[in-house]
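Colleague: Sequence:
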Amino acid sequence: MNIVQAVEQSIKDEIKQAVIASGLAEEAQIPDVVLEVPKEKAHGDYSTNIAMQLARVAKRAPRQIAESVIEHFAKEKVHVEKIEIAGPGFINFFMDNSYLTELIPNVLKAGEEYGRTEYGKGEKIQVEFVSANPTGDLHLGHARGAAVGDTLCNVLDAAGYDVTREYYINDAGNQINNLAYSIEARYFQALGMDKEMPEDGYHGQDIIEIGKKLAEEYGDKFVNASEEERFEFFRKYGLDAEMDKLKKDLENFRVKFDVWFSETSLYEDGKVEEALEVLREKGQVYDQDGAIWLRTTDYGDDKDRVLRKSDGSYTYFMPDIAYHKNKFERGFAKVINIWGADHHGYIPRMKAAMEALGFDREALEVEVIQMVQLYKDGEKMKMSKRTGKAVTMRELIEEVGLDATRYFFAMRSPDTHLDFDLDLAVSQSNENPVYYAQYAHARICSILRQSEELGFAVSADDVAAIDLSLIGEEKEIDVLKRVGEFPQVIVEAAEKRAPHRITNYIHDLASTFHSFYNAVKVLDQENAELSKARLALVKAVQITMKNALRLVGVSAPERM
RNA sequence: GUCCCGGUAGCUCAGCUGGAUAGAGCAACAGCCUCCUAAGCUGUAGGUCGUGAGUUCAAAUCUCGCCCGGGACGCCA
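Under full-length UniProt numbering, the first residue of the first sequence is numbered 1, with each subsequent residue one higher.
Check before you lean on any hint, since a few could be wrong.
As the list claims (entries may be wrong) - Straight-line alpha carbon distances no greater than 25 Å define the calculated PhoX-like cross-link-like pairs of lysine-lysine that follow:
(1) 303 - 248
(2) 109 - 496
(3) 82 - 546
(4) 245 - 282
(5) 59 - 12
(6) 282 - 303
(7) 109 - 82
(8) 376 - 39
(9) 212 - 271
(10) 475 - 41
(11) 12 - 82
(12) 334 - 41
(13) 75 - 39
Claimed, not checked - The following label-pair restraints were derived from C-beta to C-beta distances:
(14) 399 - 508: 25 to 31 Å
(15) 454 - 363: 54 to 60 Å
(16) 465 - 371: 41 to 47 Å
(17) 442 - 17: 45 to 51 Å
Hints are computed from structural coordinates only; laboratory data are not their basis.
Here a beta-carbon is modelled for each residue, glycine too, at the ideal position from N, C-alpha and C.
Can you build the whole structure from these sequences, using the hints too?
Modeller: In C-alpha cells:
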C-alpha cells in the first residue's frame with residue numbers, strides 16, 4: 001500500500017468513526033464508505049456520499065447528517081485541510097496535499113517494481129489464451145486475444161498473483177488430418193501435378209508455402225510413397241511447421257507462454273480415458289444411440305453433450321474436459337480461459353463438466369473476446385480461415401507497427417465488438433494514441449539527459465537530499481496524484497479482468513504530464529533546488545509510465 | 001425460437017458495485033514555439049446516453065418489455 005492508498009483508507013476510517021461518534025448509526029448499519037475523486041476540482045480532492053446513504057437509517061436529511069459527521073471528523077489527523085457540504089449532501093474534502101511528495105522517493109526506490117502489490121497474495125492463477133489450431137496463420141481475432149491475454153497476465157502478476165500462461169495445442173483432432181491432406185494437395189500442386197484440396201482443407205498461403213518447401217526439399221520422393229507413409233510424414237511435418245511459425249509470431253508480438261500443452265499428450269498419458277472413467281464412476285454419463293453422453297443438463301446446460309461418438313472416437317469436448325481437469329489438479333485456485341465470442345456457447349457445458357467432476361464451477365472463468373471486424377476502403381473484409389483470405393497478425397503488425405497494434409487491442413474493452421479500420425490505422429499511424437504516451441516518456445528522457453549536462457542529475461540514492469517541499473503547484477500535485485493512483489489501477493484492472501483500464505491510465509498519466517510540461521519549466525539554471533525537486537518528480541513519472549507501458553507490452557522509447 | 005455481446009458527440013470508444021454540469025481520441029474551429037522535443041498545450045463547438053415503462057432522494061449505470069447490429073446454438077473443432 002502506498003501513501004495515497006493509506007491516506008484514503010484513513011479518511012474512510014475517520015468518516016466511519018465520525019458517523020459512530022455522532023450517534024447517527026450503529027457500526028453494522030454503516031455501508032462501505034465510498035470515497036471518490038470528484039470530476040470537478042471545485043468539489044475537492046475527495047468526496048463521499050455517506051450522508052445520502054445514511055438518510056434512511058438515521059431518519060434525517062442528508063445535509064444535516066453531513067453536518068454531524070463533519071463535527072466529529074478529525075481533519076488534521078488525515079491531511080484534510082477543509083471540508084464542505086455540497087449539493088444534495090455530498091461531503092467534499094480538500095486536502096493538504098503536501099504529504100504526496102513522500103511518493104517521490106518511494107517510486108524512485110521501487111523503480112521497475114513500482115505499481116506492484118501483494119494484493120493477490122501469491123494465489124495461483126492459470127490463464128489459457130490464443131490456443132489457435134495449428135492449421136494456419138494467426139488472424140486478427142487471435143491478435144486481439146493475444147494482446148488482451150498477455151496484458152491481463154502482466155496485470156495479474158503485478159497485482160501479486162502467481163500467473164501461469166498457457167497455450168493449448170489442438171494437435172489431435174480431425175483438423176490435423178485436414179492439415180495433412182491440405183499439405184499433400186499443395187505438395188502435389190507444387191510439383192505441377194493435379195491434386196484437389198480436401199473439402200475442409202486449409203487454403204492459407206502458409207500451407208502453399210509448406211507444400212512448396214516440401215517439393216523443393218524432397219522432390220517427388222513422396223509421390224510414390226504409400227499413402228499412409230506420406231500422410232504420417234506430412235501430418236508431423238505440417239504440425240511442426242505450423243507450431244514453429246505460431247510460436248515465432250507470438251514471440252514477435254511480445255507474447256510468451258509458460259506452458260505449451262499438447263492435446264495429444266492427454267491421449268498418450270491416458271488422461272482422456274481416465275477423465276471419462278471418473279465421470280462414469282460419479283454416475284454423470286450414460287449410453288444412448290451408441291454414444292456416451294454427459295449429463296450437463298444437471299448443471300445448467302440446455303442439453304446433454306456427447307463425449308464419445310458412436311464411431312468410437314471422442315468429441316472435442318472430451319479431451320478438453322480432461323485438460324481442464326488436469327488444470328485444477330495442478331493446484332490453480334483460478335483458471336481463466338480467454339475465448340473468442342464464437343465459442344461462448346461452449347461455456348455452460350464446460351462449467352457443467354467441471355461441476356460434474358466435483359470442482360467449483362466458479363473457479364473456472366471464461367473471458368469472452370468479441371469479434372474483430374476489419375474495414376478496408378470503407379468496406380467490411382470477410383475473414384475466413386477456410387479461404388485463406390484473412391489478414392494475418394503478421395501482416396497487421398507489419399502495416400500498423402508492433403507497439404500500436406498491442407496498444408490498440410489492449411485499449412478496447414474485451415467485450416465490445418471492434419471495428420478495425422485498416423486504412424486509418426496505416427495512414428494515420430502517427431496519430432495513434434500510443435504515440436501520445438510514448439512521446440511523454442521520450443520528453444521526460446530528454447529532460448533527464450539535459451539535467452545531467454547541467455549537473456542536476458537526480459537518482460534514487462540522493463533524493464533524500466532534495467527539498468521536496470518545493471513541490472506544491474497545482475500542476476505538480478496533479479501529476480503526483482496520478483502517479484500515486486498506479487498501484488490501485490493495477491489492482492482494479494486485475495480484479496475486473498479489464499486490461500483496457502491500464503491504457504486508460506496511461507493516457508491520463510501522459511495527459512497530466514504534458515499539461516504539467518507546458519505549464520512548468522523543469523530545468524531552471526537560476527534555481528537549482530527547485531529544478532532538482534521537479535526532476536525527482538519527473539523521474540517518478542518516467543518510472544510509472546515505463547512500468548505501465550510494459551504491462552501492455554509497449555516499448556518506452558527514450559527518443560522520438 | 002433460445003442464449004451471449006454491443007447500441008453514449010460526425011467517426012472510434014471510455015464511463016456501468018447508481019451520485020453533483022456525461023468524458024477522451026480523431027475530425028472541425030480559434031489561439032500558443034527568442035523558452036527543457038508543437039507526435040505537445042490552451043480554449044470553442046458538438047449529446048432525446050437505441051426506445052418505452054419501473055425502482056430510487058438521485059438512472060448512461062439497476063429491473064422488465066421492445067427495436068437495431070454482431071455472434072452462438074453439431075455424435076465439427
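Colleague: Determine for every hint whether it applies to the structure shown.
Modeller: Hint check:
Restraint check for residue 303 and residue 248: the C-alpha separation of about 40 Å exceeds 25 Å, so the hint is violated. Pair hint residue 109 plus residue 496 does not hold up; C-alpha atoms about 29 Å apart against a cutoff of 25 Å. Our distance criterion of 25 Å between C-alpha atoms is broken by residue 82 and residue 546, whose separation comes to about 35 Å. Distance restraint check for residue 245 and residue 282: the Cα-Cα separation of roughly 42 Å exceeds the 25 Å cut-off, and the hinted pair is therefore not satisfied.
A distance of roughly 22 Å separates the Cα atoms of residue 59 and residue 12; the hinted pair therefore holds under the 25 Å criterion. For the suggested pair residue 282 and residue 303, the alpha carbons sit about 19 Å apart, so the restraint of at most 25 Å is met. Annotation: proposed proximity of residue 109 to residue 82 is violated, straight-line Cα distance about 32 Å (limit 25 Å). Restraint check for residue 376 and residue 39: the C-alpha separation of about 38 Å exceeds 25 Å, so the hint is violated.
As the CA atoms of residue 212 and residue 271 are separated by approximately 37 Å, the hinted pair breaks the 25 Å bound. Between residue 475 and residue 41, the direct Cα distance comes to roughly 12 Å. Compliance with the 25 Å bound is thereby established for this hinted pair. In summary, the hint linking residue 12 to residue 82 is supported, as the alpha carbons are separated by about 16 Å, within the 25 Å threshold. With a C-alpha separation of about 40 Å, the suggested pair residue 334 and residue 41 falls outside the 25 Å cut-off, and the hint is violated.
Restraint check for residue 75 and residue 39: the C-alpha separation of about 22 Å stays at or below 25 Å, so the hint holds. Restraint check, residue 399 to residue 508: a C-beta distance of roughly 28 Å satisfies the suggested window 25 to 31 Å. Judged by the Cβ atoms, the range 54 to 60 Å given for residue 454 and residue 363 holds: they are separated by roughly 56 Å. In this structure the hint that residue 465 and residue 371 lie 41 to 47 Å apart at CB is violated, the actual value being about 56 Å.
Against the hinted window of 45 to 51 Å, the Cβ-Cβ separation of residue 442 and residue 17 comes to about 47 Å, which satisfies the hint.
The structure does not agree with the numbered hints 1, 2, 3, 4, 7, 8, 9, 12 and 16 stated previously, though it agrees with the rest.
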